[in-house]
Amino acid sequence: MTAPASPSVETVRIGNADFPRRRLISGTPPLERLANLSGRDGRAPILVKRDDLTGLGLGGNKVRKLEFYTGQALAQGCDTLVITGAVQSNYVRVTAAAACAAGLDCHIQLED
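Following my numbering, the numbering of the sequence shown begins with 296 at its first residue and continues without gaps.
These are calculated hints, taken from the structure and not from any lab test. Misleading hints may appear alongside valid ones.
Said to hold, decoys possible - In the DMTMM-like style, the derived pairs of lysine to aspartate or glutamate whose C-alpha atoms are separated by at most 20 Å in a straight line are:
(1) Lys360 / Asp374
(2) Lys360 / Asp346
(3) Lys357 / Asp400
(4) Lys344 / Glu327
(5) Lys360 / Asp347
(6) Lys357 / Asp347
(7) Lys360 / Asp313
(8) Lys357 / Asp346
(9) Lys360 / Asp400
To be verified - Have a look at the derived ranges for each label pair, beta carbon to beta carbon:
(10) Val343 / Ile403: 25 to 35 Å
(11) Cys401 / Arg359: 15 to 25 Å
(12) Asp374 / Pro340: 40 to 50 Å
(13) Gly350 / Cys373: 22 to 32 Å
(14) Asn356 / Asp313: 19 to 29 Å
(15) Ala370 / Arg328: 34 to 44 Å
(16) Pro340 / Asp407: 36 to 46 Å
Just so it is clear, CB atoms sit at the ideal spot from N, CA and C, and this is done for glycine as well.
Just need the whole structure built from these sequences, with the hints factored in.
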């Protein structure tokens, strides 16, 4: 079994601006129907977007933002991401995973 190729830095057009982006999410998170809550009393189906399946440290929506931060860092020739966060911060954890996936070092400052 071969490992998937690492995506390269790409540019995404949003409005009139170009933003460098480093893909970190593997595919589109699936939608899951909540059977117990959907369609009761004539209500519409209730769907949940499974951001926990994005493929990067259970980061959810945080990973999408980090695609642009890591893309910008790589486009500017940076080799390190620096982040400050609380001791049990999920965002700090996911940033470290994103840095690793993008081939960047990560320096973390933890707060109480």
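Here's how the hints hold up against the structure:
1. Lys360 / Asp374: The given pair, whose Cα atoms are some 18 Å apart, holds under the 20 Å limit.
2. Lys360 / Asp346: holds (13 Å)
3. Lys357 / Asp400: Cα-Cα ~18 Å, so holds.
4. Lys344 / Glu327: holds (6 Å)
5. Lys360 / Asp347: holds (15 Å)
6. Lys357 / Asp347: Roughly 10 Å between the alpha carbons, so the hint for Lys357 and Asp347 holds.
7. Lys360 / Asp313: holds (15 Å)
8. Lys357 / Asp346: holds (9 Å)
9. Lys360 / Asp400: It holds: about 18 Å lies between the C-alpha atoms, which stays within 20 Å.
10. Val343 / Ile403: 25 to 35 Å: holds (31 Å)
11. Cys401 / Arg359: 15 to 25 Å: holds (18 Å)
12. Asp374 / Pro340: 40 to 50 Å: Check passed, 47 Å falls within 40 to 50 Å.
13. Gly350 / Cys373: 22 to 32 Å: holds (23 Å)
14. Asn356 / Asp313: 19 to 29 Å: holds (22 Å)
15. Ala370 / Arg328: 34 to 44 Å: Holds, at about 39 Å.
16. Pro340 / Asp407: 36 to 46 Å: Roughly 44 Å apart at Cβ, these two residues keep to the hinted range, so it holds.
Violation of the numbered hints given earlier is absent; every hint is satisfied by the structure.
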